[in-house]
Amino acid sequence: MNRSRSRGWLGALPLLAFFALVFGVPAVALVVGAFTVQGRPSLTNVSQSLQGGYLTAMIGSVRLSAVVALLGAVLGTFLAYAIVTSRFALLREAVLTASGVLANFGGVPLAFFWIATLGNSGVVSGLIGLPSGSLYTFWGLVIVYLYFSVPLMVLAMAPALDGLRPQWREAAANNGATAWHYWRFVALPVLTPAMLGGVVLLFGGAFSAYATANAMVGTVVPLVTLKIASALTGDVLIGYENIALALSLDMVVVAGIVMAIYLPLQRRTSRWLH
Amino acid sequence: MAALTGLERVPARAAGPAARPRPWRVMVFVPAAVYFLVPLGASFWYTVYTPTSGLSFSAYGELITAEGFARSLALSLGLAAATIVLVLLLALPAMLAVRLFAPRLRPVMEVLCTLPLVVPPITFVAGLSTSLRVGVDVLAPTPFWGTLIAVQDPAFPLVLVLAYVVLVLPFVYRSLDAGLRTMDVRTLVEAARSLGASWPYVLFRVIVPNLRSALASASFLTLALVLGEYTVASLLGYEPFAVWIVTVSGSKGQLSVAVSILSLLLIWLLLLAVSSVFGREKRK
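In the order they appear, the protein sequences are chains A and B.
Just so you know, we're using the working numbering here: the first sequence kicks off at 24 and counts up by one.
Just so you know, we're using the working numbering here: the second sequence kicks off at 329 and counts up by one.
One should not assume that every hint holds.
Listed next, the stretches of chain A that the computed footprint assigns to chain B, with coverage defined by at least 3 CB atoms under 8 Å from CB atoms of chain B [as the list claims (entries may be wrong)]:
hint, segment
1, 101-113
2, 118-126
3, 131-140
4, 232-241
Here are the simulated distance ranges between beta carbons [stated by the list, open to error]:
hint, chain 1, residue 1, chain 2, residue 2, range
5, B, L428, A, I280, 33 to 41 Å
6, B, V376, A, A40, 47 to 55 Å
7, A, V209, B, G406, 47 to 55 Å
8, B, E518, A, W32, 32 to 40 Å
9, B, G406, A, L150, 40 to 48 Å
10, A, A40, B, G406, 21 to 29 Å
11, A, S70, B, D505, 37 to 45 Å
12, A, W32, B, D512, 18 to 26 Å
13, A, P189, B, G406, 48 to 56 Å
14, B, L428, A, L286, 23 to 31 Å
If you want the ones that stay clear, here's a sample from chain A, every Cβ over 10 Å from chain B, calculated [said to hold, decoys possible]:
hint, residue
15, L38
16, R63
17, P64
18, S65
19, Q71
20, G83
21, G156
22, L187
It is worth saying that the hints were derived from the structure and are not from the lab.
We treat Cβ as the ideally placed atom computed from N, Cα and C, and that holds for glycine.
Using the sequences and the hints given, assemble the complete structure.
Written out as structure tokens, the structure is:
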């Protein structure tokens, strides 16, 4: 028993050591740096990171992520339902494959796609007479982020919708339920955990996205990731790196809260659908 | 936006008594198709047509000779290869060991392999760049200083490999975990060991062949992630492929869109490879 346990540690040790070094050390540096000003412990960074332009950026990020998550969840769920109930197997396969590709299609190329489409010299913006700069706004970002968020929601919801058994609907109908009753009291409660899980995934994806926003809007739309990047690289004033760390800490806290909601829900999802 | 709001009227229709409500499905698919396909078409049109010179595929031809294209792509591929090797070497033995000898470590592993998903990459970079900066100062009198400098060599920044291993760990973990679930690891290992196989033999001749599809999908996912990674590389000041695209976009708009289309195709091919590997496995 003892020998086998030591073997277990031996196999896992490289990964644990690697993780402690490459993830643990930066995490400690982040927390320590966030509470340090010129070598002394201080709360200045954190309080400054929750004021003025930084607060605006944080609110902007949370608002953008929330809008993308909710819109993406609603649209993605309908699209997923349309696919799952479709009689055309080929269409179903094609849409699911495309969702897999587009859900992974983020970052810089996504930004260039939309710049070429709806940007100032874009192909479609010329056709529909879009005013210059329309893409580089809050709602422009929402439209762009939905391009990977909706497919992600489709992927998250398709298995759950597939798990809705026709018998449930029949049983509900036999007991006199209308379609509305079926959706309200049977289907939606079963789907809710998966939907909330999807909302969290979408929120996280939009919240931490940096490459797309950076390539698209630069600093036009205040977002916390853009502020962190400019504090890390642009501003050479002493102490600004620690503002970046404080902002990062704020982000981790927000992401952590969101995850704390997600994980228990994900466990509940599997109760009905397997 | 009109394309998007078209979807929202659906529930009223879907709730109707009709057994096969067709019109609402059209109302979902058509706007969705417009929203997802128009940018594809428009981007392609953007790369091949200019009002001054008309139709031309020169953006795609120009790509190969463009300054920095070969260098940045080679760097990205090298980083991806190193990341794949390192992450598999770290994750596979650890997961096997946990499965066979230390099931109590399993929750720990699961948390570790979920953390990089929870923590936004940009905050990871902030911590990483700070620890590199502080590390160089702190370690200056020790021999580790040289290591820390070597790791940041711009010709092949190992620090990016280390960061990418952390970022892809959740995906690799899930992929390998799914693979390990499909076989009885304990029986296989015990059978091989009782027949006198050494541990390396068990690992490479018994486990790895059974895990081929999981290893392949983990590698493809890692490749896709590393090729498209921008945040970490740009903020640490290196120029692999994704960073190069942004640099070049300032002067050559068409070129950057052309590269974006190619990268979408690449993701599609990689995912196709993943699913076909898995599909073949299932058919067996």
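Consistency of the hints with the structure:
1. 101-113: Per the Cβ count (6), the hint holds.
2. 118-126: Holds: 5 residues of the segment 118-126 of chain A have a Cβ under 8 Å from chain B.
3. 131-140: holds (count 9)
4. 232-241: holds (count 4)
5. B/L428 / A/I280: 33 to 41 Å: Cβ of B/L428 to Cβ of A/I280: about 36 Å, so the range 33 to 41 Å holds.
6. B/V376 / A/A40: 47 to 55 Å: Check passed, 51 Å falls within 47 to 55 Å.
7. A/V209 / B/G406: 47 to 55 Å: 54 Å, holds
8. B/E518 / A/W32: 32 to 40 Å: Check failed, 20 Å falls outside 32 to 40 Å.
9. B/G406 / A/L150: 40 to 48 Å: 42 Å, holds
10. A/A40 / B/G406: 21 to 29 Å: 24 Å Cβ-Cβ, so the 21 to 29 Å window holds.
11. A/S70 / B/D505: 37 to 45 Å: 42 Å, holds
12. A/W32 / B/D512: 18 to 26 Å: Holds - the Cβ-Cβ distance for A/W32 and B/D512, about 23 Å, lies within 18 to 26 Å.
13. A/P189 / B/G406: 48 to 56 Å: 52 Å, holds
14. B/L428 / A/L286: 23 to 31 Å: Hint holds: Cβ distance 27 Å, inside 23 to 31 Å.
15. L38: 4 Å, violated
16. R63: 15 Å, holds
17. P64: 15 Å, holds
18. S65: Holds, because the least Cβ-Cβ distance between A/S65 and chain B comes to about 16 Å, which exceeds 10 Å.
19. Q71: The assertion about A/Q71 holds, with a minimum of 15 Å to chain B.
20. G83: Per Cβ check, A/G83 is outside 10 Å of chain B; nearest 15 Å; holds.
21. G156: 16 Å, holds
22. L187: Fine: 13 Å to the nearest Cβ keeps A/L187 off the interface.
In summary, the numbered hints that this structure violates are 8, 15.
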